[in-house]
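Colleague: Those sequence lines, one after another, are chains A and B.
Counted from 1, the first sequence has number 351 at position 351 by my numbering; the numbering is strictly sequential.
Counted from 1, the second sequence has number 1108 at position 108 by my numbering; the numbering is strictly sequential.
Hints in this document: simulated from the structure, not taken from any laboratory.
Quick reminder that beta carbons are idealized off the backbone N, C-alpha and C, glycines included.
Fair warning: there could be bad hints in the mix.
Just a few of them, taken from the derived set where beta-carbon distance is under 10 Å, the chain A residues facing chain B [what the hints assert, rightly or not]:
1. Leu18
2. Phe19
3. Gln291
4. Gly297
Covered stretches of chain B, as calculated for chain A (at least 3 residues, CB under 8 Å) [to be verified]:
5. 1092 to 1102
6. 1110 to 1120
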Amino acid sequence: MVRRLRALGLTIPLLAFLFAAFIIPVLVFLWQGVHDDTYARYMSHSTPVLEAWDGVSEPTEAMYAALQKDLVQARKDKTVGKVATRVNRELPGGRSLFTSTARRAARLEAPYREAMIDLKPAWGRLETWQALRVAAARYTPTYLAASVDLKYSGDGSIRRQDEKRRIHLTLFWRTIEISALVTIFCLLLGYPVAYLLSNLPQRSTNLLLILVLLPFWTSILVRTTAWIAILQGNGVLNDLFVAFGVIGDDSRFSMVYNRTGTLVAMTHILLPFMILPLYAVMRTVPKAYVQAAHSLGANGWIAFWRIYLPQTLPGIGAGVVLVFILATGYYITPALVGGQDGQMISNLIDFHMRRSLNWPLAAAMGFVLLVLVMFLYWLYDRVSGIDRMRLG
Amino acid sequence: MTDTAFVEFDQVQKSYDGETLAVANLNLSIPRGEFMTLLGPSGSGKTSSLMMLAGFETVTHGEIRLDGRSVNSVPPHQLGIGVVFQNYALFPHMTVNENLAFPLQVRRMGRSEIEERVREALQMVEMGRFGNRRPSELSGGQQQRAALARALVFRPELVLMDEPLGALDRQLREHMQYEIKRLHDQLGVTVVYVTHDQSEALTMSTRIAVFKDGSIQQDSGPETLYECPETAFVARFIGENNRLYGRVERVDNGVAEVSIEDMGQGRALAINCSGVGTPTTLSIRPERVFIGDTGENRFDAVVEELIYLGDHIRCRMRVLGHDDFIVKMPNAPDHQHLKAGQETQVSWNTEDCRALDALP
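All chains should be modelled from the sequences, with the hints used to inform the complete structure.
Modeller: Here you go:
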């Protein structure tokens, strides 16, 4: 018992590291995706009133009064910008409405309802107040809804986003599509290589294995930029095509800064993750099985399809899951060579993290991605069984 | 039909690296219905020969003929030869039934006929109850039977077996030897069997070819092989043998006069020795040596060790400077009671002693 505890003790540094560097940040970000108290923190008077409001009846004078009080306070505390940003996410144009009203809030006089509508007619619209009600809630499904192109409104309803603002589902779908294509390409390209590796004499195997692993040891940035040099309009490949007269100088292929670029570069980068588990499994399949199949009358194709392939399924499963899951989270390669239609969901997450600073939405999208990957993993387990997967 | 060759190796050579020969000039013809065993130590070329016959390895030089047709360039799946592999090679992702159905399915047989044949084949090896098991759920002996049934289910005329009993324990191995022999007798198929176990070869075969360094040393029936070895290697490899080294002094009427270890003179059948003055190996079976002076060639001996084995007593003696001279004394009612250290005489008849080539 003590021995076992001591052995367990050795894993504590790793577990602590995982906990601090992985589990906690993930949980914090998931929390951010559903919890946002920007409004509630700085607008202490209007928050309870908005929460009490049913979201459909006419806003009352008390609500206007509370809001005016908060605006005056927020301007004094210089927090109005943060609040305005929050509101703007629920209400296009909300920022200017908020900041300009706040500038003049101190001079407004009762009855505030008329005064504010006088100042900005938008205050008379129900949608404005519904947006405020959404912003005021500390726990909100609004970001999760937004990350799958749904809109959560102040009246509690969830509708589809306006046509021109639906971009997330398209991106999720494209992410799956690109990942699936990359996985298929990796499998088609990697299977014969792994087979060759497992059937060559030891000395040649080592050489080939180094060739497979060499890109693995090169920086992902270097490899991606190398693809730019090869694929771009004035790149190596197009120059060759022109030189051999395959295409005219004015009709060069565009193979990078689009989906093609993403597919080519990602397939290249992820290929070792397919080859290695396949190789590990193929190495353990005795030659005698295929020989036996031949002796029993099976030609090459039948022997491969019915005898060899089924025995490499654990390796195929491992490679496919590995490549697919890595691909869904791929970021730097599509960012560099993806152009417009080669962008994936992680690029949008990055955009919200660094540009729009909409962390809650980024968190919600990350959460959806996580759920998606877990679902596919579960599906794989149901279909083929995780315990049959072999990584080597 | 028995006198024409069914399988024929004609000056066959095999080299894997282009330099050394794994099989050097193999000539062998196997009549229909024979149980032919290729016997030899590992690396002697017997498995290479079998793999060439099965079509898994290319023939470097020469020709292999099956029923008169060259099979050098016939792909293995068109040969129709049953093969039992060393580790059975049962397909692990299929049940026993599916394994057996596989060769019939690739021959496009009807479903009901396949079922019938599979059942028949499993009954033949007493495995009828195990059809729905996976190979991993079977014991070694059961896997062996299933592999045997799979190699026979499509009714090949020729079955190759590559050390099929190597992975089994001794008792099971002996049982399976009789089982395979029974199947051979019952079905009349031609069997080419590879093993390094000489007792297995003697038990099962109608003919044995002893391999050494890629070529055949001797090719004859089990009895001849044991009684009349033609080379010192065969004499040593098959059964137990006493060896004495000497020099040929005179050859007369097929009988050689040999000076043994410069310590004595003996007479032996001149089987495989060169002329006068050349070195030779004398080979005498331990059960053909008498204690006492009953035989024609007599020598002094000292008893070194006695081992009681029930039906016989194994006696290690010092004879002509060798202290590993073995004599088997049958446990007869009147056998002599020896003691360790006792001085006595051993003798043997000239016809039981064979003068063979000198071993290096």
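Colleague: State for each hint whether it applies.
Modeller: Each hint tested on the structure:
1. For leucine 18/A, the interface hint is violated, the least distance from its beta-carbon to any beta-carbon of chain B being 36 Å, above 10 Å.
2. For phenylalanine 19/A, the suggested interface contact is broken, since its CB lies about 40 Å from the closest CB of chain B, more than 10 Å.
3. The criterion of a C-beta within 10 Å of any C-beta in chain B is met by glutamine 291/A, whose closest approach is roughly 5 Å, and the hint holds.
4. Taking 10 Å as the C-beta contact cut-off toward chain B, the hint placing glycine 297/A at the interface holds, the least distance being around 5 Å.
5. Only residues whose beta carbon comes within less than 8 Å of a beta carbon in chain A count, and the stretch 1092 to 1102 of chain B has 3; three or more means the coverage holds.
6. Counting residues of the stretch 1110 to 1120 of chain B whose C-beta sits closer than 8 Å to any C-beta of chain A gives 0, which falls short of three, so the coverage hint is violated.
In this structure, the hints that do not hold are numbers 1, 2 and 6, in rising order.
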